[in-house]
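> Chains W and P, in that order, are what the protein sequence lines are. Just so we're aligned, residue 47 is where the first sequence starts under the numbering used here, counting upward by one. Just so we're aligned, residue 56 is where the second sequence starts under the numbering used here, counting upward by one.
Just so you know, these hints were derived from the structure itself, not from any lab. Watch out, some of these pointers could steer you wrong.
[Unchecked claim] Quick list of simulated restraints, FRET-style, between CB atoms:
hint : chain 1 : residue 1 : chain 2 : residue 2 : range
1    : W       : Phe229    : P       : Gly63     : 41 to 49 Å
2    : P       : Gly77     : W       : Thr290    : 51 to 59 Å
3    : P       : Ile339    : W       : Lys332    : 43 to 51 Å
4    : W       : Asp246    : P       : Phe489    : 29 to 37 Å
5    : W       : Gly140    : P       : Ser466    : 19 to 27 Å
6    : W       : Lys155    : P       : Gln376    : 50 to 58 Å
7    : P       : Ala173    : W       : Leu117    : 50 to 58 Å
8    : W       : Leu351    : P       : Ala173    : 17 to 25 Å
9    : P       : Gly311    : W       : Lys155    : 57 to 65 Å
10   : W       : Thr290    : P       : Gly63     : 24 to 32 Å
11   : W       : Lys155    : P       : Gly77     : 41 to 49 Å
12   : P       : Leu235    : W       : Ile223    : 33 to 41 Å
13   : P       : Asp80     : W       : Ala189    : 38 to 46 Å
14   : W       : Asp246    : P       : Val74     : 57 to 65 Å
[What the hints assert, rightly or not] Sample of chain P residues with no beta-carbon within 10 Å of chain W, all distances over it, derived:
hint : residue
15   : Ile339
16   : Met366
17   : Gly367
18   : Ile418
19   : Met479
20   : Gly480
21   : Arg488
22   : Pro496
[To be verified] Okay, the calculated bits of chain P under chain W, using three or more residues with CB under 8 Å as the criterion:
hint : segment
23   : 247 to 255
24   : 260 to 267
25   : 394 to 408
Glycine residues also receive a C-beta, built at the ideal position from the N, C-alpha and C atoms.
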Amino acid sequence: MEFLNGLVFLTNFVIIPATAYGAQLALGALGITLVYAILRFSNFAHGDTMAFGTAVAIKITAGLVALGVTLGPLPTALLALPIAIIVTGLLLLGTDWLIYKFYREQKAKPVILVIVSLGVMFVMNGLTRVFIGVRDIQFTDGARFVITVRQFRDATGLDEGLAIRTTQAITLVTAVIVMAALFWFLNRTRTGKSMRAFSDNEDLALLSGIDPDRVVRVTWLIVAALATTAGVLYGLDKSFKAFTYFQLLLPMFAAAIVGGIGNPVGAIVGGFLIAFAEVTITYPLKKVLTYWLPESMAPEGLVQLMSGDYKFAVSFMILIIVLLFRPTGLFKGQSI
Amino acid sequence: MTDTLRTGLFTGLVVLLIVGTGVLDNWNLALIIVNYGLISAIMALGVNLQWGLAGLFNVGVMGFVALGGLASVLISMPPVPEAWSAGGVQVLGALAFGLAVIVALVASYKRTSGRLRAGLMIVLMIAGFFIFRSIFDAGVAAIESVNPASTGFLGGLNFGGDSGRDWPWIVVIGWPVGGLLAAGAAWVIGKTALGLRSDYLAIATLGIAEIIIAVLKNENWMSRGVMNVIGLPRPVPYETDLQADPGFVEAAANLGVDPVTASTISVKLAYSGLFGVFLIVLLILAQRALHSPWGRMMRAIRDNEVAAEAMGKDVTRRHLQVFVIGSAICGLAGAMMTTLDGQLTPAGYQPLRFTFLVWVMVIVGGSGNNFGAALGGMLIWWLWVAVGEYGPDLMVWATSALSDDSALRQSLVDSAPQMRFLVMGTVLLLILRFSPRGILPEK
């Protein structure tokens, strides 16, 4: 019983939040890794792309709710998501046509493209701020919980409760669907295969008649879909704030690099790894240990290894350790 | 167009913009822009040394700037004796213990191998962490409980009276100390991260900067965290003292200015003088470095690492060297800025403002050219303030076709201050596209 209570507590406060957060990070890291694999630069504007996409989704959600269109128990934002993806996709295609294309044709060094992406980051950040402001925005509606603490306690008779929020459940379901669709696309369709070929060896891909412009266009569209989905899920789960999305850049990059940048499987594993490490290290584990250890060994302190504000430090330490000992990441990533 | 003429024209433009602000708006604002502009120019010099001269992609500028600010607090604030006696020794002891554990970890990594190494390191790490936390946490709690509303931290090293006003000179000493603190941090970071590829180095430095800010926000015993340290002593006179000084009031009256305006302007001019001296000295040093054999070697490494290494240059050491020097300059500027602000507010450090804006300054001004970077710092700072200051007015005028109560107009006017980011990004992208080497290109 003691053991079960501890397990339920751990699941409620660590495992479920970390899984949802991990899925969001993984979707974000997938976007970063795809840009890196196909366009061959680290896209610093990715966090702000997410913010932009989410801002569009929030505006559309507000419009839908005003018209009286809702999804019942599900958040209305899910209905707004496809439209937001299209808008973000158009923005990314426009950015590519107006800015990145020039440097690609010049065969500029990757670091120049990174600096260009800093400029794009500024512009997108400004756009988002002008468009929706800098405040914290909650835009989730519908049912709040799939299972509440009370229902769980009544059903199981345990002391500790377990709650699953709708947003957490939706995050997982959506993430699984999106990831499955992405892998199906990359491995089974002609376009997906041409993308992988282009990523493996650009010259060879060009020789075999793959249209590079098409590959780039499709990549940006997929990146828009991934970024907007990740952003909306994160915003539903927590809240939307332009600056928080910018800060997500660090854990997302850490996830992509730890998994092996340019490798989609790595991005997913990396996302969950970073999320679990962050949540476990910054959550006070006192109660779990009180349940699990014999009474004489029960901890006095909170057993919070690091305060919550140091969560960046966690992703960062993992990043540095992996980079120092296994520079290509856990799964073999690209190195240019 | 010769380089000298180009530099002259660019300087003229910056002077014109600032004088224009003074004449058309007010001189207080113009001088505020000058003071922060001088500091920005120093930061831009530091980044230019790393990027322009050595090609190191450091996007952790904010961290070094914040460390400089921390040093300025640790030097210029009066100490809190009660806090020192409550837990000062304990906290310093805990930190020394932590350092010893790290040294022991490094030693055991180097001296032993195999299972013994893994076991030893894990034991050291876990035992060290918990012993450290138990000493450290108690000391921190003791310090933070000393009058938490106004102090609750150890204070600084300024023994010039209760408010520290008797020792104004120590504030200026705090600035180079800020540089030293940043240099120390840069050395540790450089040792671990400089071997990485350029974009990995970028992510690593971005992360370090966030961690430094997190430390500043959390470690209340050091600098009060998010409760901020306010009322930092100044190296220049206080406005109220000047206004109470009969000699000053008379001098102001002779010039036909009222004493209040005269005092605010003189204080700002005093700061400009101090910052100007630092900037000029650094510019001379940076120019000397650029044209010395050392500078040529750095550029050779930047342009072709493999060739430079084949010629017997120690690339890693040179990178570490320039990384430390550049970060030290950013730290110096950060300490100056905290003094000028008169307060340390960790929540105010945002990467867009303190890292990426400095990058815009360097790239727009001309990376690899010291004058370009410094003038770019002044120009971009002016633009940043101008968009924030005049943007809303401009937006009111631009939307005057819309009716007053139109929601669109309202939201456009409200969001006008946010236009800064849009403008900065556009400027950066335009320069990168049409003049990729900046306004004053490297020779």
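> Would you mind marking each hint as holding or not holding in the structure?
Cross-check of the supplied hints:
1. A hinted range of 41 to 49 Å for the beta carbons of phenylalanine 229 of chain W and glycine 63 of chain P is inconsistent with their spacing of about 60 Å.
2. Distance hint for glycine 77 of chain P and threonine 290 of chain W: a CB-CB separation of about 39 Å, inconsistent with the stated range 51 to 59 Å.
3. Restraint check, isoleucine 339 of chain P to lysine 332 of chain W: a C-beta distance of roughly 58 Å breaks the suggested window 43 to 51 Å.
4. Checked against the hint of 29 to 37 Å, the C-beta distance between aspartate 246 of chain W and phenylalanine 489 of chain P comes to roughly 35 Å, which is consistent with it.
5. Checking the proposed 19 to 27 Å range against glycine 140 of chain W and serine 466 of chain P shows it holds: the Cβ atoms sit about 23 Å from each other.
6. The hinted range of 50 to 58 Å is not satisfied by lysine 155 of chain W and glutamine 376 of chain P, whose Cβ atoms lie roughly 24 Å apart.
7. The hinted window of 50 to 58 Å between alanine 173 of chain P and leucine 117 of chain W holds, with their beta carbons roughly 52 Å apart.
8. For leucine 351 of chain W and alanine 173 of chain P, the hinted distance range of 17 to 25 Å is satisfied, since their beta carbons lie about 21 Å from each other.
9. One distance hint, 57 to 65 Å for the beta-carbon pair glycine 311 of chain P and lysine 155 of chain W, holds here, with the actual separation near 59 Å.
10. The given range of 24 to 32 Å is broken by threonine 290 of chain W and glycine 63 of chain P, whose C-beta atoms sit roughly 45 Å from each other.
11. About 42 Å separates the C-beta atoms of lysine 155 of chain W and glycine 77 of chain P, a value consistent with the hinted range of 41 to 49 Å.
12. The hint said 33 to 41 Å for the Cβ distance between leucine 235 of chain P and isoleucine 223 of chain W, and at roughly 54 Å that hint is violated.
13. Remark: the range hint 38 to 46 Å for aspartate 80 of chain P to alanine 189 of chain W is contradicted by a beta-carbon distance near 55 Å.
14. Here the CB-CB span from aspartate 246 of chain W to valine 74 of chain P is close to 58 Å, well matched to the stated 57 to 65 Å.
15. With a closest Cβ-Cβ approach of about 28 Å to chain W, isoleucine 339 of chain P is found to remain outside the 10 Å limit, as its non-interface label requires.
16. Distance check on methionine 366 of chain P: its Cβ is at least 22 Å (rounded) from any Cβ of chain W, clearing the 10 Å threshold; non-interface status holds.
17. With a minimum CB-CB distance of about 26 Å to chain W, glycine 367 of chain P clears the 10 Å threshold, and the non-interface call stands.
18. Non-interface status of isoleucine 418 of chain P relative to chain W is broken: a Cβ of that chain comes within 10 Å, the nearest being about 7 Å off.
19. Under the 10 Å C-beta cut-off, the non-interface status given to methionine 479 of chain P relative to chain W is violated; the minimum distance is some 5 Å.
20. Distance check on glycine 480 of chain P: its Cβ comes as close as 3 Å (rounded) to a Cβ of chain W, failing to clear the 10 Å threshold; non-interface status is violated.
21. With a least CB separation of 7 Å from chain W, arginine 488 of chain P falls inside the 10 Å interface cut-off, contrary to its annotation.
22. Taking the minimum C-beta to C-beta distance to chain W, about 15 Å, the non-interface status of proline 496 of chain P holds against the 10 Å cut.
23. Only when three residues or more bring their CB closer than 8 Å to a CB of chain W does the claim for the segment 247 to 255 of chain P stand; here the count is 7, and the claim holds.
24. Judged by the Cβ-Cβ criterion of 8 Å, the segment 260 to 267 of chain P is covered by chain W as claimed, because 5 of its residues qualify and three suffice.
25. Coverage of the segment 394 to 408 of chain P by chain W holds [criterion: at least 3 residues with CB-CB distance below 8 Å; count 3].
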